[in-house]
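J.: Add chain L to chain Y, keeping to what the hints say.
Listed in order, the protein sequences are those of chains Y and L.
Residues in the first sequence are numbered from 0 upward in steps of one, following numbering that gives the first Met the number 0.
Residues in the second sequence are numbered from 0 upward in steps of one, following numbering that gives the first Met the number 0.
Since the hints were made in silico from the structure, they are not lab data.
Accuracy of the hints is not assured; some may be wrong.
Stated by the list, open to error - Computed cross-link-like contacts, DSS-like style, restricted to lysine-lysine with a CA-CA straight-line distance of at most 30 Å:
1. L/55 - Y/187
2. Y/224 - Y/238
3. L/55 - Y/188
4. Y/370 - Y/303
5. Y/196 - L/55
6. Y/303 - Y/260
7. Y/286 - Y/302
8. Y/346 - Y/391
9. Y/238 - Y/196
10. Y/391 - Y/291
11. Y/187 - L/166
12. Y/378 - Y/302
13. Y/224 - Y/188
14. Y/302 - Y/260
15. L/166 - Y/196
16. Y/378 - Y/391
17. L/3 - Y/188
18. Y/303 - Y/238
Predicted, not measured: the structure shown is a model, and the values here were computed from it.
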Amino acid sequence: MFPLVPNLISEELNLIVALLIGIAFGFILEQAGFSSSRKLAGVFYGYDFTVLRVFFTAGVTAMSGVIILGYLGWLDTDFIYINPTYLQAAILGGVIMGFGFIIGGFCPGTSVCGMAIGKIDAMFFVGGGLIGVFLYAELYPWFEEITNASFLGNVRIFNSLGMSQGLFALILIVLAVGAFIMTTMIEKKVDPEGPAKGFNEMYHRLAGITVLAVGVVLLFMPDYKERVMNEVSQPEFLKTFHVQEMTPDELAFRIIDHDPKLSIIDIRPADEFATMLLPGSANLEMKQLFQKEFSELLGNRHKKKVIVANDENAARTAAAVVQRLGYENFSVLCGGMSNLVQTVLEKKAGGDNIVCPFTNQKQTFDIRQVKDTERFRSKAGSILTGMILDAKNSAVKPTKLIKKVSGGC
Amino acid sequence: MKTKYMNPYLAGFFLGLTLLATIVITGRGLGASGALKSTVVATVHAFAPEHAASSKFYSENFNSLHENPLKAWLVFEVLGVIIGGFLSGVVSDRLNFVTERGPHITNTMRLGFALIGGLLFGLGAQFARGCTSGAALTGMAVLSTGGIITMMAIFGTGYAVAYFFRKLWL
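Chain Y extracted, bound-state conformation (with noise of 0.2 Å):
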């Protein structure tokens, strides 16, 4: 899953792929035209809407791709960089930077282009951005405040709009192709010799179809993570959905056992863990059930990997979902953890209790059999309990955090 470089690509190979992007990016921005300051400012007199053109569907493009790849599970936007909302600065540093843009005639990448093909003005725009930067930085102290304040997190749009990530992506694509059709006839009206002149007609009517149809597309695309979750998460789906399951007995005796090839994959919020955990568990957010680096610990095939949650259907969902991203051998504890406290370490309940409620499953013993369970409940509660304390106090969170992609301008 992608992206590759916090695991994959090294530092120093990075570097090189930054070089051939650039290279990539400027040799684009060139043959665009946005070597040209006066083009770049004709976006804001009508004379030349190349800017608005290029930029737009190199968003949507970009956008869209995102979308499809996120979709089809190859890309996790959990790992991609999300420029961080600062909402006063991002408005006050955008309006400054209008400014700059109808004064200076560029913006820092275009000037970049344009110096490299001899254009002064261009030269100059980067001597001011250099000052520009030099400025702020010695002036921090005063810009500190408002730089940082507003912070909303690394949020996304659509979920600051409260709606899906399809709808806005649908909606930016229909603003995008008509704000170049309205554009367009307003190019044609301030400069018929504009680059508008040479369009082919029939291509662009195809091509903003072919963007709209991408649109209405992207509206049933939502995210694997989000499509996995909803699918596992159907009452429909759970009911027929089949998982092995282990009774609360079974668990305490592996446990006290050491059995070697157990491994407890628990779902409970991390607070709750950190007051009772099981020895030898692992507490992952079902988040992370999709990471590749906790692949190692679920796609051991030589363990019983059982999953426990605060009550059953959780952890159902759980194994649903580690059963859809291609994990096997898993099992389910039954009625969840309470039932474990409730069962094994109270001892509250006779041999003849539910023990897996999902199934509705009855032990039903004969007189020995409920000796037997009440004399092994009575010793595995207290040495389960003795080692729960234990496991509590020697607890270091097996979880770890790959570290997240950092980026900005």
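T.: Quick look at chain L alone, frame taken from chain Y:
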């Protein structure tokens, strides 16, 4: 004879694919102003190390960029932009030392305004944590709220004040 520019939609499509490849391979987007920042941080460190050490901005950025800020990803990317832009200039025969300006201002005025514009862009990009590439374009690709707000602020401001600066371009 100078060759024509590429169809803007086609160029945008290729640019989008480049951006997508960047995100898929590296998990991050394109950028430009970050390289300016690295250059400034490295320069100040080289010429005034004591001043840099006493400033929160420089030390924070220096630390986050490891031992040498010029080894940062965006610096290499922007070096690539220079090479790529130059290659494109060669291919399309557009290499030329010229100053582009509106018909009603002098070259000196144009260069002065380019300097001021660059200064504002460099300054604004620090607030917004990115410029047109890093905040606006990449922000749109990954649907970052902050990036899209910055994009609207850049273009909105441009249109709002374009009238007052029309002498520069028209």
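J.: A separate judgement is required for each hint: does it hold in the structure or not?
T.: Here is what the structure says about each hint:
Restraint check for residue 55 of chain L and residue 187 of chain Y: the C-alpha separation of about 51 Å exceeds 30 Å, so the hint is violated. Note on residue 224 of chain Y and residue 238 of chain Y: the hinted pairing holds, with a Cα-Cα distance of about 21 Å set against a maximum of 30 Å. For a cut-off of 30 Å, the pair hint linking residue 55 of chain L to residue 188 of chain Y is broken: about 52 Å separates their Cα positions. With a C-alpha separation of about 28 Å, the suggested pair residue 370 of chain Y and residue 303 of chain Y falls inside the 30 Å cut-off, and the hint holds.
With a C-alpha separation of about 53 Å, the suggested pairing of residue 196 of chain Y with residue 55 of chain L is violated against the 30 Å cut-off. A hinted pair counts as satisfied when its Cα atoms are at most 30 Å apart, and residue 303 of chain Y with residue 260 of chain Y qualifies at roughly 6 Å. Of the supplied pair hints, the one linking residue 286 of chain Y and residue 302 of chain Y holds, its CA atoms being roughly 22 Å apart against a limit of 30 Å. For the hint linking residue 346 of chain Y to residue 391 of chain Y, the alpha-carbon distance of about 21 Å falls within 30 Å, and the restraint holds.
This hinted pair does not check out: residue 238 of chain Y and residue 196 of chain Y have alpha carbons roughly 62 Å apart, beyond 30 Å. For the hint pairing residue 391 of chain Y with residue 291 of chain Y, the CA-to-CA distance comes to about 27 Å; that is within 30 Å, so the pair holds. At most 30 Å may separate the alpha-carbon atoms for a hinted pair to count; residue 187 of chain Y and residue 166 of chain L meet this at roughly 22 Å. At roughly 26 Å between alpha-carbon atoms, residue 378 of chain Y and residue 302 of chain Y fall within 30 Å of each other, so this suggested pair holds.
For the given pair, residue 224 of chain Y sits about 48 Å from residue 188 of chain Y by alpha-carbon distance, which is inconsistent with the 30 Å threshold. Straight-line distance between C-alpha atoms of residue 302 of chain Y and residue 260 of chain Y comes to about 5 Å, which keeps the hinted pair within the 30 Å bound. Under the criterion of a C-alpha separation no larger than 30 Å, the hint pairing residue 166 of chain L with residue 196 of chain Y is consistent with the structure, at around 25 Å. With a CA separation close to 20 Å, the supplied pair residue 378 of chain Y and residue 391 of chain Y stays within the 30 Å bound.
Restraint check for residue 3 of chain L and residue 188 of chain Y: the C-alpha separation of about 22 Å stays at or below 30 Å, so the hint holds. Only pairs whose Cα atoms come within 30 Å are accepted, and residue 303 of chain Y paired with residue 238 of chain Y is accepted, the gap being roughly 23 Å.
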